[in-house]
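Protein sequence lines correspond, in order, to chains A and B.
Numbering-wise (this note's numbering), the first sequence opens with residue 1 and increments by one.
Numbering-wise (this note's numbering), the second sequence opens with residue 1001 and increments by one.
No lab work stands behind these hints: they were computed from the structure.
One should not assume that every hint holds.
Claimed, not checked - EDC-like mimics (lysine to aspartate or glutamate), calculated; alpha carbons at most 20 Å apart, straight line: (1) B:K1003 to A:E168; (2) A:K143 to A:D124; (3) B:K1180 to A:E10; (4) B:K1092 to B:E1154; (5) A:K396 to B:D1093; (6) B:K1174 to A:E391; (7) B:K1101 to A:E206; (8) B:K1174 to A:E14; (9) A:K217 to B:E1154; (10) A:K77 to A:D90; (11) A:K302 to B:E1002; (12) B:K1101 to A:E391; (13) B:K1097 to A:E391; (14) B:K1180 to A:E14; (15) B:K1126 to B:D1226; (16) B:K1006 to A:E206; (17) B:K1125 to A:E361; (18) A:K296 to B:E1002; (19) A:K161 to A:D72; (20) A:K64 to A:E89; (21) B:K1097 to A:E113; (22) A:K51 to A:E89; (23) A:K151 to A:D72; (24) B:K1092 to A:E287; (25) B:K1092 to A:D117; (26) B:K1003 to A:E287; (27) B:K1125 to A:E391; (28) B:K1126 to A:E361; (29) B:K1174 to B:E1089; (30) A:K161 to A:E14; (31) A:K151 to A:E162.
Owing to the predicted nature of the structure, the values given are computational and were not obtained by experimental measurement.
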Amino acid sequence: MKRAYRQFTERFIEGLLALSGTVTSLTVLLIVVFLFNEGLSLFGTSPLENKTALVVNESNPVQKLSAVSIKDIFDQKITNWKEVGGKDEDILIITVNDIGNYYSEEQIGAEFEHLPDCFSRLVDSLPNALAVINESYRTSYFKGHTIDVNKNNLPDFLSGKEWFPTAEPAVQLGVLPLILGTLMVSLLAILLALPIGLATAIYMAEIADERIRKVLKPVIELLAGIPSVVYGFFGLITIVPFIHDVFDLPVGETALAGSLVLAIMALPTIITVSEDAIRNTPRSMREASLALGANKWQTIQKVVLPYSMSGISAAAILGIGRAIGETMAVLMVTGNAAVMPKSILQPVRTIPATIAAELGEAPNGGVHYKALFALGCILFIITLIINIWVERISAKRKFKK
Amino acid sequence: MEKQTKQQIAFWIFRIFAWCVVALLLGILYFIFSRGWRTISWEFLTSIPEDGMTKGGIYPAIIGTLCLVGGSMIFAFPIGLLAGIYINEYAKDNWFKRFIKLMTNNLAGIPSIVFGLFGMALFVKKLNFGDSILAGSLTLGLLALPVVIRVTEEALLAVENSFRQGSLALGATKLQTIRKVVLPIATPNIITGLILAIGRVSGETAPILFTVAAYFLPQLPTSVFDQVMALPYHLYVISTSGTNITASRDMAYGTALVLVMIVLLLNLLANALRRYFSNRVKMN
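Bound-form chain A, shown alone (with noise of 0.2 Å):
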């Protein structure tokens, strides 16, 4: 009886411990669901937001405008039917705010009841006329045809250069100028950190004796261990106005701002990850080289970092994909300018920082909404990436011990 009671509880608990385990998987599924469940339904959607149309008037053989052209229309970029595809004729833009001009307010009424006649009336009488109306304002008499807009789709996303993602009347979902933000930041950060932190890990595990290293090493733990607002917070008081002051810039949150703060979170990891991989050396392969006649250096240089060239560079990869996921420092550093990076000294803005910004404004369930949850996919797959390149990389190292 006993016996069967302690089997009982040994498949008992062994059943437990493997759902804990399973449980971990199943958040990481729980996350691609959610995430892409969000961040997919983003396409196919309208860029027009709150029932928008656009109309016009039926002589006007204009069928089909992109969100990106309608707001060149807008920002007065545009401004010939030509441009797009019409009639040598200048755009005429009229909203509701417009309507006053053509109309008194007796014709529109009090409680703007006879507004959709206006703009029925309106455009079927001018042939250059561009209406933004509301759905419901379209008459059954009105002869005019309403606006293809394309609908947000995957292409235009990636490509896009404007992020503008509450723009009237047609939201700018490009999220170009993040990528590459984000990229410049973040491999500008690894060019600074990598040698610095490479130079160091080699002074650790091949220089320094073990009463240095000891007191090294609990610095460099501590330093990983600090919150990543802490470092923002330092950055924005320390290197944002010496940036400003040096370059003499209009303001100091800039890429560059980030890079180093970046540089300075990513010292940590890149050391510790390359340190191992110096001390992993074989002994005997040190040997060979020392009793050959080479010295130490020479060893260090022709020995021990070829051999230790995977680990090493599994440290930058690692520390890129930190730095492409990290999110408040950047946030406080960068001045977030959702442009197209030209220089580093000029603002920009990263995917992270973009989601963290803009998350809390964006109306539930909105367009706005699902971009931030694109944008997080994007970001998804990116880290996804660098995490099974680094695995295939210490993978590799262990098949050739």
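With chain A fixed as given, assemble chain B onto it according to the hints.
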């Protein structure tokens, strides 16, 4: 002799780089300490923010962070510990183990802001917890889960197989072996790892932005469905978007110092425990 000169030059370059890194890191710590020190007082730690967060203290934020750390650990400790034991002690080397390990590694690599998005979509919206301690703790717990698993796994891996074999040879079952032999040996490493995991969770900002953190809430939470202020978010708010950024600078230095102190103390505690336990093992 030329190669010795080269070595000397190379080593000095490395030495200088390494000490520059240390100087930089110590400089950051000194910067935060020297400026935050003036602000920190018993009153700062135990009173609520006043005057648009330019005066007063950070008591609600401290309590909020404690709630979140506690809540996330209630969730992540047991599951992570059990999962770690499963992976290292029970799972056979088959596709299932590889799958779990792959997923754990991937989970560890997901950026914290993505956890924030997910927590908002699942806990806040789908399960309707609202912005609450519960939603924030679960989100942070998920983030800490891979850390706890890895810590447990490494601690168990460090236990020599001869201990397991000895116990099994004496007729103990697998479960008895794990409970009476493997876990007691691995406990010190697990505890130190968990302390460092707490440090990480207490400073995370991005996952709590949309799941729990309140901009300004001068009262303490009464249930797990309340919003709270949290230290890292508070620092972010008063240093970038507070009502009066320059006037709240001192508050920001103080908050940053408290965050650094938490990490520092947890690190010291972990190191002290590591040393204490390793001495005890030697004496036995």
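Each hint, compared with the structure:
no.: 1; hint: B:K1003 to A:E168; result: violated (69 Å)
no.: 2; hint: A:K143 to A:D124; result: holds (6 Å)
no.: 3; hint: B:K1180 to A:E10; result: holds (14 Å)
no.: 4; hint: B:K1092 to B:E1154; result: holds (17 Å)
no.: 5; hint: A:K396 to B:D1093; result: holds (18 Å)
no.: 6; hint: B:K1174 to A:E391; result: violated (31 Å)
no.: 7; hint: B:K1101 to A:E206; result: violated (32 Å)
no.: 8; hint: B:K1174 to A:E14; result: holds (10 Å)
no.: 9; hint: A:K217 to B:E1154; result: holds (19 Å)
no.: 10; hint: A:K77 to A:D90; result: holds (12 Å)
no.: 11; hint: A:K302 to B:E1002; result: holds (17 Å)
no.: 12; hint: B:K1101 to A:E391; result: holds (11 Å)
no.: 13; hint: B:K1097 to A:E391; result: holds (15 Å)
no.: 14; hint: B:K1180 to A:E14; result: holds (16 Å)
no.: 15; hint: B:K1126 to B:D1226; result: holds (17 Å)
no.: 16; hint: B:K1006 to A:E206; result: holds (16 Å)
no.: 17; hint: B:K1125 to A:E361; result: holds (15 Å)
no.: 18; hint: A:K296 to B:E1002; result: holds (13 Å)
no.: 19; hint: A:K161 to A:D72; result: holds (13 Å)
no.: 20; hint: A:K64 to A:E89; result: holds (17 Å)
no.: 21; hint: B:K1097 to A:E113; result: violated (68 Å)
no.: 22; hint: A:K51 to A:E89; result: violated (27 Å)
no.: 23; hint: A:K151 to A:D72; result: holds (17 Å)
no.: 24; hint: B:K1092 to A:E287; result: violated (38 Å)
no.: 25; hint: B:K1092 to A:D117; result: violated (75 Å)
no.: 26; hint: B:K1003 to A:E287; result: holds (18 Å)
no.: 27; hint: B:K1125 to A:E391; result: violated (34 Å)
no.: 28; hint: B:K1126 to A:E361; result: holds (19 Å)
no.: 29; hint: B:K1174 to B:E1089; result: holds (9 Å)
no.: 30; hint: A:K161 to A:E14; result: violated (54 Å)
no.: 31; hint: A:K151 to A:E162; result: holds (16 Å)
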